[in-house]
Amino acid sequence: MTTKNVHSQSNIVVRFFSSVKLAIFLFIILALTSIIGTVLPQGESLQFYLENYGPFYFKIIRTLRLYDTYHAWWYLALMGLFSVNLIVCTVKRFPYTLRLFKRNYLEMGRDDLLRRPFKTQWKTAEKTNPSDLRASLVETFSSLAGKPEARENVDGGQLYLSDKGKWSYWGVYLIHLSVLVIFAGAIFGSLTGFKGRMMLLEGESTDHAVQMDSSGNMKKIPLGFSLRCDKFKVDFYRNGAPKLFKSDLTVIDGGKEVLKRSIVVNSPLTYKGVTFYQSSYQSVPDLKIRIVSSDGKQKVLDLSAFDKGLWPEKKLLVGIIKYLPNVHGAPAARVYVGDPSGNNGDAIWLLEGHDREVSLGDNTFRLSLVSAKEKYMTGLQVKKDPGVWVVWLGCAMMIIGFAIVFWVGHRRLWLWMGKDGEKLHVILAGQTNKNKVSFEKEFEKVKKAIDTQIGEK
Amino acid sequence: MHLSSSYILSLTTFVYLGATAIYLLYWIFRLEKVGILGTVVTVAGFLMQTAGIAMRWRESYLMGYGHAPLSNLYESLVFFSWVTILVYLVVEFKTKNRVIGAFSTPFACLAMAYASFSPNVQDAIQPLIPALQSNWLLAHVITCFLGYASFAVACGFGIMYLIRGDGRGSSSYLLDALPSRRTLDELMHQTIIFGFLWLTVGIITGAVWANQAWGTYWSWDPKETWSLITWFVYATALHARFVRGWAGKKIAYLSIIGFVSVIFTYFGVNFLLSGLHSYGSS
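Taken in order, these protein sequences are the chains called A and B. So in my numbering, the last spot in the first sequence is 457, and the numbers never skip. So in my numbering, the last spot in the second sequence is 282, and the numbers never skip.
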C-alpha cells in the first residue's frame, strides 16, 4: 500500500514536470515577465528607481530585483524550471519515439495496407505469366521508390517496403537538446570567461582590462600579455555619419611583438582566447609646455588633459585643469603651477604664442604652450568566452532540428503481390506524416508505372 | 517627375490595394475570372516592387555607398511587404485558394503605405555606419523578415479561422468560400512552423553578428528581448496542438497575438523603447 502511494506520488511529480501544459504555462509566463525589463530601465542605481517610481514601487523593484530582471533569482528559476520541464518531457517521450523508430512496418497484412491513406490495387488478366510480371514490378518499384525490404508469406503473397526518413522523429529531440546546449554554453562561458573594457591612447600599451562591478568598483583583469594601440583613425561620410573606426593594434607577448593587426567594428582581433572589439573613441589633447627657470635652465613637459608633470630638480608641478582647443584662433589651457605638495601654487591661463611668468618663492618661471595637438584614444571591448562555441553548436543543432521538423517526413511505400485464383493481385499503399502534396506526386508516379506494366502484359 | 525607385515603390502601394479589392470582390462574387485578375495584379505589383528594390540597390552604388537595400526602416518595410507577397503567392499556388489573398495582400499594402507616406519614415538612401558594415546584415534581415512575413500570412489564416466560426448553424454564402477549418488549422500550423524556423535563424544570425560587433551574443537589449517574447508566443502556439482542446480557436488567437508581438518588436521597440537597434528607426 505504502509503496504504491510513493509510486503514485512520484508519478504525479513526473507528470507535472513532463506535461506540455507546464511548458505552455512557462512560455506564457516567460513572455509576460520578459516585458518588464524592456519597459523598466535596467541597470540604473537604486537611487534612480526611488526618485522615479516612488517608495512603493521601489520596494517591489528592489525585492524582485527588477533593475536587473534577466538575472534576478526568480527569472533564473523560471529558466531552470523550463530546463527541467524540457529534460523530463524528453526523457518521458523517448521510449515512445524509440518504438515509432524501431517499429517494423513490414509487419502488415493485406487488409492493413488497404487501410493506409494512399492505396490502389490491380488484378491482372488470366493469361499473363505471374512470375515474369512479379520480377519486373519489383524492379520498377525499387527503381522509383528506392531499394525495398521484403517479407515472404504475407497473406499468401510477398510484401515489399520502401521506408524513408524514419530518423526524422529525432528532429524534435535535436531542437529540445539544443536549448539545453545553449544554456550550458552560456553558463560555462559566464563561469570561465570575462568581459571588460580598455581605453588606450595612441602609442600607449596595457596588460590588463578593466571591469566595473555592480557596485561601481573598478577591477583589473590581467591579460597575460600586452596590447598597444599604434594608431586610431576615424572617418566620416559627407552627411556627417561615421564611416570608419579603426585601431592599429600590436600584441606584445614575452617582450616581443607577436601580432600586428588593424581592427574595425565587426572585425575584432583575437589572441590567446581574448578578443578585442572596436567600441568607442575619444579625442584627447596632447600639450607640450616649455618652462624656463630664472637660472636659464629649461624643461619641456608632454601632458594630456587632466595630466600632471613634475620637474623634480626644481620641485615644480604642472597640471592641466582645462583645455580649450580654440580661444581667439589658438589653443589654450588652464594650468596649475606650484610645488608638488600643492600648498603653494597658482592657476593660470596659457594661450599658444603668449608666454606667462609665475613667481614661486625666489624663483620665476616662464611658461609657454608650445603646441597642442589632438590625440586619439581608442575604446576597446575585451572579452573572453570559452562557452561561445558551445552556444554556436546549440544554435546549429536548433536550426538543423527545425529543418528536419519542417522538411523531412517519414514516408512509407508498400507493394504487395499475391494470388487471387489464377490472377495476380497487386496492392500499392503509402503513408507519410509530412508534406502530403509531394508524396502524392511520388505515389502517382509509382502507380502510373505499375499501371503501364500491368497493361502491357 | 524623375523616375526614382522610391516613386515606383510608392506606386506598388496602390497596386496591392487594388489586389486586395479584387480578391475581396472574388470572395463576394466568386467569379473565376476576377480571381485570376487578382493574381495577375498581385504578380504585377510584385514584379514592379522587385524592380523598385533592384533600382534602389543600383542607386546606392551610384551614390557611392553600395549596399543592399536592407539597412533602415523604410527599406525593411519594403522588404517585409515584398516577402509577404512572395509567401502569399507560394500559398496560393499550393492551395489554389484565392480568397486567402483578401487576408494577405492587405499586410503588404499597409506596410508599403506606411513606408511611403508616413512622415516618420525617411526614404533617403543612407550610408552604412560602421556597426552595419557586415555580411551578417543581409543574413539577419532576410531571415527575420522571412519569419515576419510568414507570421503576417499566419495571422491572416487566424483571422479567417475566427471569421469562419465553429461552422455550426450560421453557414453562409461568404463563409463557405473560406477553406475548411481543418485546412485553415493545418495551413496556420505549417506557416507558423515555417515562420518560427526563420525567426529562430534570424535571432541566431543576430546573435552571431552582435558577438562579432560588440563581443556579446545576447545583451537583453529591448529588440532582442521582444524577439524572444515573440518566439515564446509562437512556441506556445506550436505546443498548444499537443494539449487536448487547445487546437483550432486558441491557436488562431495565438497567431494574431504573435503577429501583434511581431509588430511591436518591429516598430514599438524603435519608437517607444531605446536600445542598440536604434538605426532601424529612421
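Don't read these hints as lab results, they were simulated from the structure. Here the structure is a predicted model, which is why all the values come from computation and not from measurement. Careful, some of the hints might be misleading.
Calculated pairs, DSBU-like style, for lysine-lysine (alpha carbon to alpha carbon, straight line, at most 30 Å) [stated by the list, open to error]:
| hint | chain 1 | residue 1 | chain 2 | residue 2 |
| --- | --- | --- | --- | --- |
| 1 | A | K441 | B | K33 |
| 2 | A | K384 | B | K94 |
| 3 | B | K223 | A | K434 |
| 4 | A | K119 | B | K94 |
| 5 | B | K94 | A | K441 |
From the derived model, a few chain A residues whose C-beta atoms are all more than 10 Å from chain B [as the list claims (entries may be wrong)]:
| hint | residue |
| --- | --- |
| 6 | K21 |
| 7 | A23 |
| 8 | S45 |
| 9 | E51 |
| 10 | Y105 |
| 11 | M108 |
| 12 | H328 |
| 13 | R356 |
| 14 | Q381 |
| 15 | C395 |
| 16 | V437 |
| 17 | T452 |
Using N, Cα and C, we set each Cβ at its ideal position, and we do this for glycine too.
Consistency of the hints with the structure:
no., hint, result
1, A:K441 x B:K33, "28 Å, holds"
2, A:K384 x B:K94, "49 Å, violated"
3, B:K223 x A:K434, "34 Å, violated"
4, A:K119 x B:K94, "23 Å, holds"
5, B:K94 x A:K441, "13 Å, holds"
6, K21, "6 Å, violated"
7, A23, "6 Å, violated"
8, S45, "18 Å, holds"
9, E51, "19 Å, holds"
10, Y105, "24 Å, holds"
11, M108, "27 Å, holds"
12, H328, "35 Å, holds"
13, R356, "43 Å, holds"
14, Q381, "5 Å, violated"
15, C395, "4 Å, violated"
16, V437, "7 Å, violated"
17, T452, "28 Å, holds"
The structure shown violates the earlier hints numbered 2, 3, 6, 7, 14, 15 and 16.
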